[in-house]
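Peer 1: Residue-level listing of the chains:
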Amino acid sequence: MRILRNLLMVSAVTGIVAMGLYAGINALGNGLDATGLYASSQLPTKLVCPATGCMATACHGMTGSPPPSSTGQFADARRPSSAQSATLVCPATGCSAATCHATTGEPAPGSRTRAPGGQSGMPSTVQVCPATGCAATSCHATEGNGRPPHSGRGGGPVQVQPEEEGDEEPEGNALWQ
Amino acid sequence: MSAKARLALDAALFLAFIAAYNPVATGIPVHIWLSFAIILPALLHLSLNWEWVVYAMSRLAGKLHGVSRIQLSVDAVLFISVVACCVSGVVVTPGLGAPAVLGTVPGIWYIVHSFTADLSTIAIVVHLALHWRWIAGVVRRAITAQRLVRPADSRVHP
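If you're matching them up, the sequences are chains A and B in order.
Mapping the first sequence onto this note's numbering, position 118 (from 1) lands on 118, and the numbers just tick up by one.
Mapping the second sequence onto this note's numbering, position 103 (from 1) lands on 103, and the numbers just tick up by one.
Hints may contain errors.
What the hints assert, rightly or not - Here are some chain B residues the structure puts well away from chain A; computed CB gaps all over 12 Å:
| id | residue |
| --- | --- |
| 1 | 4 |
| 2 | 13 |
| 3 | 50 |
| 4 | 73 |
| 5 | 122 |
| 6 | 124 |
| 7 | 128 |
As the list claims (entries may be wrong) - Listed next, with one range per pair, are the computed distances between beta-carbon atoms:
| id | chain 1 | residue 1 | chain 2 | residue 2 | range |
| --- | --- | --- | --- | --- | --- |
| 8 | B | 30 | A | 17 | 25 to 33 Å |
| 9 | A | 35 | B | 60 | 32 to 40 Å |
| 10 | A | 26 | B | 136 | 41 to 49 Å |
Think of the hints as simulated: they come from the structure by calculation, not from any bench.
Since the model is a prediction, treat every value here as computed from it, not as a measurement.
Cβ atoms here follow ideal geometry from the backbone N, Cα and C, with glycine treated the same way.
Let the hints inform the model, and build the full structure from the sequences given.
Peer 2: This is the structure we're talking about:
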């Protein structure tokens, strides 16, 4: 009986805390939205694994390196020494975003492409989602309606890489198809 | 509830949490179901120690042992981070708290989910370390009870 009473009490407290946290986090998100802090803070948070729902940086951190093949990861393999500042690896196929892009050709209408990392003037590969045409930095919208509301990161004009021949799109690619 | 039963519950809870913490290893469906399955045992765990929590909080401003003060602080962090992790987990789950379409959830929820999962794990490890004597005591008693009958004295709060 005592445990039951405590359980009710704990449940009530947990519910109240949960509602408070929900409201607080929502308010924080809206506040960041209003201030535009998302765009200026360079938070690498826009890459969300479609398989796990977690952030790319978190997923990548869990395995330590980009997966060579399908592991359910959405790896963000940053290569600072390269002109291509970020290679986004498809979680289903393990291929890079640029390769995936090449399999479908031109960006879809409404594509919003950006140079990753804001490297203006540097020729770069636009990693464009073939499904939505959005840039790779906003890939978490690949199954949705284009860019998410907070995905803006500055960058100069970009150059779309020509389509590569012979790239085969493996099966089960939920992200890049 | 005996100390042995409580320890078994806590151990199961801990293992389930560690498994749920690694969705890449378990897969998303298992991650989600395991996370939901943890809720009731976690509430039960808290209920079993609720009186201590109330006691400690009532004495927080006055006399409270230093270790208990640390325990209460860690427990508070653990509680809030786990609840935040659960709430954000529901929000970011497509078809559950979130629309079935990915990318429509504000990024803050993913940050919170990831951060609180890490924070919860750290807090659990500290929580375990702070209650290590109780855990070791229960295990030791369980082992020696097979050889020697002795009065059960396991009601000490962890």
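Peer 1: Now look at each hint and say whether the structure bears it out.
Peer 2: A quick look at each hint next to the structure:
no., hint, result
1, 4, "holds (16 Å)"
2, 13, "holds (14 Å)"
3, 50, "violated (4 Å)"
4, 73, "holds (16 Å)"
5, 122, "holds (14 Å)"
6, 124, "holds (17 Å)"
7, 128, "holds (20 Å)"
8, B:30 - A:17: 25 to 33 Å, "holds (26 Å)"
9, A:35 - B:60: 32 to 40 Å, "holds (35 Å)"
10, A:26 - B:136: 41 to 49 Å, "holds (43 Å)"
Hint compliance for this structure: hint 3 alone is broken.
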